[in-house]
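Visitor: Here is what each chain is made of, one letter per residue.
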Amino acid sequence: MAKEKALPVGPEEGGFGMSYDLMYGRAGFLWGALFLNKHLGEEAVPKDILVPIIDAVLAGGRAGASDIKECPLMYRWHGTRYLGAANGLAGILHVLLHFPLPSEDAEDVKGTLRYLMSKRFPHSGNYPSSEGNPRDKLVQWSHGATGMAITFCKAAQVRHKPFLSSSVFLHILHCRNMTSKFVGKILSVISPICICRCFLMTENFEMQR
Amino acid sequence: MFPNDRELRDAAIEAGEVVWKSGLVKKMGLADGVSGNAYAFLSLYRLTKESIYEERAKSFASCLYDNAKSLAPANGYSLFQGLAGTACLLFDLLQPQNSRFPGYEL
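Protein chains in written order, with the working numbering: chain H, 1 to 209; chain U, 1 to 106.
Read the hints as simulated data drawn from the structure, not as lab findings. The structure displayed is predicted, hence computed values, not measured ones. Hints are not guaranteed to be accurate.
Said to hold, decoys possible - Result set (PhoX-like, lysine-lysine): computed pairs, CA atoms no more than 25 Å apart in a straight line:
#1 U:K49 to U:K27
#2 H:K69 to H:K5
#3 H:K3 to U:K69
#4 U:K58 to U:K69
#5 H:K3 to H:K38
#6 U:K49 to H:K38
#7 U:K27 to U:K69
#8 H:K137 to U:K58
#9 U:K58 to H:K69
#10 H:K137 to U:K49
#11 H:K119 to H:K69
#12 U:K49 to U:K21
#13 H:K119 to U:K69
To be verified - Just the calculated beta-carbon pair ranges, DEER-fashion:
#14 U:L90 to H:F35: 33 to 39 Å
#15 U:T48 to H:H39: 35 to 41 Å
#16 H:G111 to U:P96: 44 to 50 Å
Stated by the list, open to error - Calculated Cβ distances over 10 Å to all of chain U for the following chain H residues:
#17 A6
#18 G17
#19 G125
#20 V139
#21 S142
#22 M148
#23 A149
Where is the CB? At the ideal position from N, CA and C, for every residue including glycine.
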């Protein structure tokens with residue numbers, strides 16, 4: 001399936017042919033790849049196959065959102081801008097949240113999540129199934145609050161980039177170690193813990209693109 | 001992703017409240033029914049570690065246990081619309097901290 005040529009085609013090459021959603025489109029392929037990599041090992045579906053598809057999904061989203069002011073990414077499925085998990089925006093964002101994205105792309109995912117939150121019905125707190133649809137009836141995974149709750153839970157657990165990169169942080173620790181024997185002794189105990197923390201904080205962003 | 005603010009976490013919790021108030025729908029499946037809605041509570045449980053979400057998931061599952069036969073569609077064994085999804089939910093309730101919405105969470 002990874003050899004399917006339509007998967008990495010972006011909007012500039014007329015890539016609207018293959019849909020982007022989770023159930024029928026490219027996000028579904030990416031989810032399948034994540035599943036295989038989780039159970040068969042990191043490189044079961046290699047990065048050089050996935051990265052162009054992720055880039056095409058982001059490019060397609062940017063093209064689709066070009067006429068919406070506050071929204072960086074938007075997709076259509078059969079002409080409708082669905083917001084839910086199965087065919088819509090929440091499902092695509094949920095898949096993108098599993099990949100370590102460069103900061104510009106991560107900002108767009110973040111901005112789109114904010115936009116999604118702003119679409120909440122003020123009275124009920126539920127979410128519309130598609131852009132501009134005033135009908136407030138469905139509370140289920142595929143349309144409405146359920147899919148949003150699960151997607152927001154995932155997004156809330158994605159660790160953000162640390163302010164200091166771990167190498168800068170280690171350099172500072174090293175310099176401080178030199179300044180005083182006493183502090184040095186304390187830091188010699190603390191540093192390995194900090195290094196572990198730094199590693200944990202950055203592990204999500206290890207994949208180089 | 002959102003450093004120093006609780007925006008996403010709060011939005012997740014508020015969406016979970018909607019599911020609690022209006023989520024006992026007439027279908028049973030993962031995609032469009034009560035089983036899928038119960039998974040929202042399991043996601044919130046893993047995020048917040050608050051036992052109320054485990055209890056809410058279990059109470060939705062209890063409703064399914066009592067009514068599954070009347071809620072099941074004609075071809076009621078499908079994963080996303082039938083009993084197979086409910087079975088996944090019941091298995092996940094044995095270990096809520098390791099629960100995953102089939103085909104969605106990893």
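Visitor: Now look at each hint and say whether the structure bears it out.
Guide: Going down the list of hints, with the structure as the test:
{"no.": "1", "hint": "U:K49 to U:K27", "in the structure": "violated (28 Å)"}
{"no.": "2", "hint": "H:K69 to H:K5", "in the structure": "violated (32 Å)"}
{"no.": "3", "hint": "H:K3 to U:K69", "in the structure": "violated (43 Å)"}
{"no.": "4", "hint": "U:K58 to U:K69", "in the structure": "holds (18 Å)"}
{"no.": "5", "hint": "H:K3 to H:K38", "in the structure": "holds (21 Å)"}
{"no.": "6", "hint": "U:K49 to H:K38", "in the structure": "holds (24 Å)"}
{"no.": "7", "hint": "U:K27 to U:K69", "in the structure": "holds (11 Å)"}
{"no.": "8", "hint": "H:K137 to U:K58", "in the structure": "holds (24 Å)"}
{"no.": "9", "hint": "U:K58 to H:K69", "in the structure": "violated (42 Å)"}
{"no.": "10", "hint": "H:K137 to U:K49", "in the structure": "violated (29 Å)"}
{"no.": "11", "hint": "H:K119 to H:K69", "in the structure": "holds (14 Å)"}
{"no.": "12", "hint": "U:K49 to U:K21", "in the structure": "holds (21 Å)"}
{"no.": "13", "hint": "H:K119 to U:K69", "in the structure": "violated (36 Å)"}
{"no.": "14", "hint": "U:L90 to H:F35: 33 to 39 Å", "in the structure": "violated (22 Å)"}
{"no.": "15", "hint": "U:T48 to H:H39: 35 to 41 Å", "in the structure": "violated (27 Å)"}
{"no.": "16", "hint": "H:G111 to U:P96: 44 to 50 Å", "in the structure": "violated (32 Å)"}
{"no.": "17", "hint": "A6", "in the structure": "holds (22 Å)"}
{"no.": "18", "hint": "G17", "in the structure": "holds (24 Å)"}
{"no.": "19", "hint": "G125", "in the structure": "violated (5 Å)"}
{"no.": "20", "hint": "V139", "in the structure": "violated (5 Å)"}
{"no.": "21", "hint": "S142", "in the structure": "violated (5 Å)"}
{"no.": "22", "hint": "M148", "in the structure": "violated (5 Å)"}
{"no.": "23", "hint": "A149", "in the structure": "violated (4 Å)"}
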